[in-house]
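Novice: Each chain is listed here by its residues.
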Amino acid sequence: MDSAILVSILLSIVSASTPLLLAATGELVTERSGLLNLGVEGMMLVGSVVGFAVTYSTGSALLGVVAAALGGAAMALVFSFLTLTLLANQVATGLALTIFGIGLAAMMGAGFVGHPVPKLPGLHIPGLSELPVVGPLLFGQDALVYFSFLALFGTTWFLFHTHGGLVLRAVGDSHDAAHAIGYPVIRIRYAAALFGGAMSGLAGAYLSLSYTPMWAEDMTAGRGWIALALVVFATWRPGRLLLGAYLFGGITILQFHVQTLGIGVPAQLVSMLPYLATIVVLCIISTDRGRIRLNAPACLGRPFHAAG
Amino acid sequence: MVRGWPMHLEIVARGERSKLWTYLSPVLAIVLTLVTAAILFLLLGKDPMTALKVMWLDPLLTKRGFAELFVKGAPLVLIAVGLALGFRANVWNIGAEGQFIMGAIFASGVALAFHDVTAWPVWLAMIPAGILGGAFWGAIPAFLKLRFNANEILTSLMLTYVATLILLYLVVGPWKDPEGYGFPQSRMFGDSANSPRVIPGTRIHVGVFAALAVVGIGWFVLSKSLLGFKLKVLGHAPRAAAYAGFSTGQLTWLSLLVGGGLAGLAGMFEVAGPIGQLTPALPTGYGFTAIIVAFLGRLHPVGVLFGGLVLALSYLGGEKAQILLGLPAAVTKINQGILLFYLLACDLFIRYRLRLVVPGRKAA
Chain P
0 MDSAILVSIL LSIVSASTPL LLAATGELVT ERSGLLNLGV EGMMLVGSVV
50 GFAVTYSTGS ALLGVVAAAL GGAAMALVFS FLTLTLLANQ VATGLALTIF
100 GIGLAAMMGA GFVGHPVPKL PGLHIPGLSE LPVVGPLLFG QDALVYFSFL
150 ALFGTTWFLF HTHGGLVLRA VGDSHDAAHA IGYPVIRIRY AAALFGGAMS
200 GLAGAYLSLS YTPMWAEDMT AGRGWIALAL VVFATWRPGR LLLGAYLFGG
250 ITILQFHVQT LGIGVPAQLV SMLPYLATIV VLCIISTDRG RIRLNAPACL
300 GRPFHAAG
Chain F
0 MVRGWPMHLE IVARGERSKL WTYLSPVLAI VLTLVTAAIL FLLLGKDPMT
50 ALKVMWLDPL LTKRGFAELF VKGAPLVLIA VGLALGFRAN VWNIGAEGQF
100 IMGAIFASGV ALAFHDVTAW PVWLAMIPAG ILGGAFWGAI PAFLKLRFNA
150 NEILTSLMLT YVATLILLYL VVGPWKDPEG YGFPQSRMFG DSANSPRVIP
200 GTRIHVGVFA ALAVVGIGWF VLSKSLLGFK LKVLGHAPRA AAYAGFSTGQ
250 LTWLSLLVGG GLAGLAGMFE VAGPIGQLTP ALPTGYGFTA IIVAFLGRLH
300 PVGVLFGGLV LALSYLGGEK AQILLGLPAA VTKINQGILL FYLLACDLFI
350 RYRLRLVVPG RKAA
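Just so you know, the sequences run in chain order P and F. Residue 307, in numbering that gives the first Met the number 0, is where the first sequence stops; the numbers in between run on with no holes. Residue 363, in numbering that gives the first Met the number 0, is where the second sequence stops; the numbers in between run on with no holes.
It is worth saying that the hints were derived from the structure and are not from the lab. Be careful, since some hints might not be right.
What the hints assert, rightly or not - Rough simulated footprint, nothing fancy, chain P against chain F, three-plus residues with beta-carbon under 8 Å:
#, segment
1, 145 to 158
2, 167 to 174
3, 294 to 306
4, 332 to 340
What the hints assert, rightly or not - Dumping the calculated SDA-like pairs for lysine to any residue here, alpha-carbon to alpha-carbon at most 20 Å:
#, chain 1, residue 1, chain 2, residue 2
5, F, Lys52, F, Leu31
6, F, Lys175, P, Arg288
7, F, Lys231, P, Asn88
8, F, Lys231, F, Ala209
9, F, Lys18, F, Gly227
10, F, Lys319, P, Ala109
11, F, Lys175, P, Ala266
12, F, Lys18, P, Leu85
13, F, Lys62, F, Lys231
14, F, Lys175, P, Val264
15, F, Lys18, P, Ala266
16, F, Lys18, P, Asn88
Stated by the list, open to error - Computed from the model, here is a short list of chain F residues facing chain P with C-beta under 7 Å:
#, residue
17, Trp91
18, Ala112
19, Phe113
20, Val161
21, Gly325
Note that the coordinates shown come from a computational prediction; the quantities given were computed from them, not determined experimentally. Beta carbons are placed, not taken as given, at the ideal position from N, Cα and C, and that holds for glycine.
Please build the complete structure, drawing on both the sequences and the hints.
Specialist: Given below as structure tokens:
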């Protein structure tokens, strides 16, 4: 195969995988603390519109990206307040967050539909970025791509090699025990949820500033839900998240190439691939009930109320 | 002893669930949503009282508008009764939107196959087709959950995206109207494929009465049958379920087949009534809004009827606000999301109460 085509395919896989990796890394941390936030899709949408609007209005992509993270975190704050302080049902609250996020993003973005922004700039290191194949792949990506890897490795290190990570996992596995030892269960979960929200916001910003540098209603197209499935796929372990995100990124890109190859499969049927793949992968992973039970945070989705 | 907190509120568990708050919570949530909406309008530069009147009162003042409440409410109520059943059994069917679409597709298949028939009421044959389509789409997550332990929230939601794509494929491909100037939609159904309008001068169709009948049946099952008793026990004490001899398998199948079937029926009545053809504009989020309806209706069929009417009003009001006040269409969704937020927050009071803690005084 022509190396130029190969590079363009690999680059497109990276850009399809990055939003999944960002959102799933955030959700993994949230779930490790025992909190199940199904509102990823809504938080991503708000991130995508806030990131776009701020970039478009100020001309600064950096401000846009920061604002997107804050927007996602603000959504997560609503979720946390309801589920942690007011002890609301996490599944229902997550759904509410998505319904609300779709509406909020549509309202905020109404004036921005159809306007383009400059794509996030790629890294440029003279000499290295011009190398064939590895140049554009390793040294020509934009900041959010590098950040997605940094965040993943940082998360792995934090969860498994720091005291804070140990405490967070303890809270997720047994909030009563963690509380009895004196750890602030609720505050730790707030922090984990805010991190998850900020990461979802960044994932949204990547979509509206880099993947397609424009904003459209419902532009996340289910990626938030796929990110949720990826956390299960990874059995709550960051390392496998990387594999999962790039697997799904690859499937997303595969559909475009199947279409251009002209195999004669209708476009709509090819577009089903990521959703069908999500179902298949969930089935394969979940069928081993023992493994799921072993790896899932034991308190996932359970409300915590310190009695007395 | 809380370190240096000034006077504050503390959440204390009640001994048992508060019956009063079970019913007060939705009312309070609606009031709070209206107040929030008023503030939102103020921020958008509209007169809040006028906006509230246009959105929540005006749609009810004409015969036609009042009838539309039921036309919009019917699919919401049909879907939500099924969802309420599932939520009681802890089966989280989030894919009612997809089941709604599949019901509409199956029903449309029948309508298109007999599109020039005038001798018999084709819409009667579309009813079982719609139910079948929805139940089929609901059966997939049930099977995957029981066979592979796959989370039904994620599988039913993924299947919603798949159903939307099937719909798109059909209307641009095999089912495209040959005389439709290339528009992606099916031909208009024949007259015999449209469910009859019952009240002259309105769009109230047979589906509205089907929804009322389903509420009646749901009420009967919940309050008079052994199954209903089991479901009530389940709702109040999930842990007791295992001891009472519940089979997760049966409940999963029941929830998703009934939930899917009712969503499919709702989809059938949408294409056979108000719309009259299969179009890409069919999925309008009823399947998601019905989740709010189910919670607002306290997971009870009769409550769902009221919840359905409230959410139907939010749709009608949203349309009015768009036309008369120039508010964006998204205001409807935002209001619906906020309503669910408030409802979930107010539900705190069902199991907990607030206690005022004054520093210096020993807590009781």
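Novice: Look at each hint and say if it fits the structure.
Specialist: Structure-based check of all given hints:
Coverage of the segment 145 to 158 of chain F by chain P holds in this model, with 11 residues showing a Cβ closer than 8 Å to a Cβ of that chain against a need of three. Look at the segment 167 to 174 of chain F against chain P: 4 of its residues bring a Cβ nearer than 8 Å to a Cβ of that chain, three or more, so the hint holds. Check result for the segment 294 to 306 of chain F against chain P: violated, 1 residues qualifying (beta carbon to beta carbon below 8 Å, three or more required). Restraint check on the segment 332 to 340 of chain F versus chain P: 8 residues with Cβ-Cβ distances below 8 Å, three needed, restraint holds.
This hinted pair checks out: F/Lys52 and F/Leu31 have alpha carbons roughly 16 Å apart, not beyond 20 Å. Distance check on the hinted pair: F/Lys175 and P/Arg288 sit about 45 Å apart at the alpha-carbon level, beyond 20 Å; violated. Proximity of F/Lys231 to P/Asn88 is assessed by CA-CA distance (about 18 Å); at most 20 Å being required, the pair is judged to hold. Between F/Lys231 and F/Ala209, the direct Cα distance comes to roughly 24 Å. Violation of the 20 Å bound is thereby established for this hinted pair.
A hinted pair counts as satisfied when its Cα atoms are at most 20 Å apart, and F/Lys18 with F/Gly227 qualifies at roughly 19 Å. Between F/Lys319 and P/Ala109, the direct Cα distance comes to roughly 18 Å. Compliance with the 20 Å bound is thereby established for this hinted pair. For the hint pairing F/Lys175 with P/Ala266, the CA-to-CA distance comes to about 15 Å; that is within 20 Å, so the pair holds. The suggested pairing of F/Lys18 with P/Leu85 holds, with an alpha-carbon distance near 19 Å, which does not exceed 20 Å.
A distance of roughly 38 Å separates the Cα atoms of F/Lys62 and F/Lys231; the hinted pair therefore is violated under the 20 Å criterion. With a C-alpha separation of about 17 Å, the suggested pairing of F/Lys175 with P/Val264 holds against the 20 Å cut-off. This hinted pair does not check out: F/Lys18 and P/Ala266 have alpha carbons roughly 53 Å apart, beyond 20 Å. Restraint check: the Cα-Cα separation between F/Lys18 and P/Asn88 comes to about 18 Å, which is no more than 20 Å; the hinted pair holds.
Hint on F/Trp91 holds. Least Cβ distance to chain P is approximately 6 Å, under the 7 Å limit. Annotation: interface hint on F/Ala112 violated; nearest CB of chain P at approximately 21 Å, more than 7 Å. Hint status for F/Phe113 relative to chain P: violated, with the closest Cβ pair at about 26 Å, above 7 Å. At its closest, the beta carbon of F/Val161 sits 5 Å from a beta carbon of chain P; the interface hint therefore holds under the 7 Å criterion.
For F/Gly325, the interface hint is violated, the least distance from its beta-carbon to any beta-carbon of chain P being 11 Å, above 7 Å.
In this structure, the earlier hints numbered 3, 6, 8, 13, 15, 18, 19 and 21 are contradicted, and the remaining ones agree with it.
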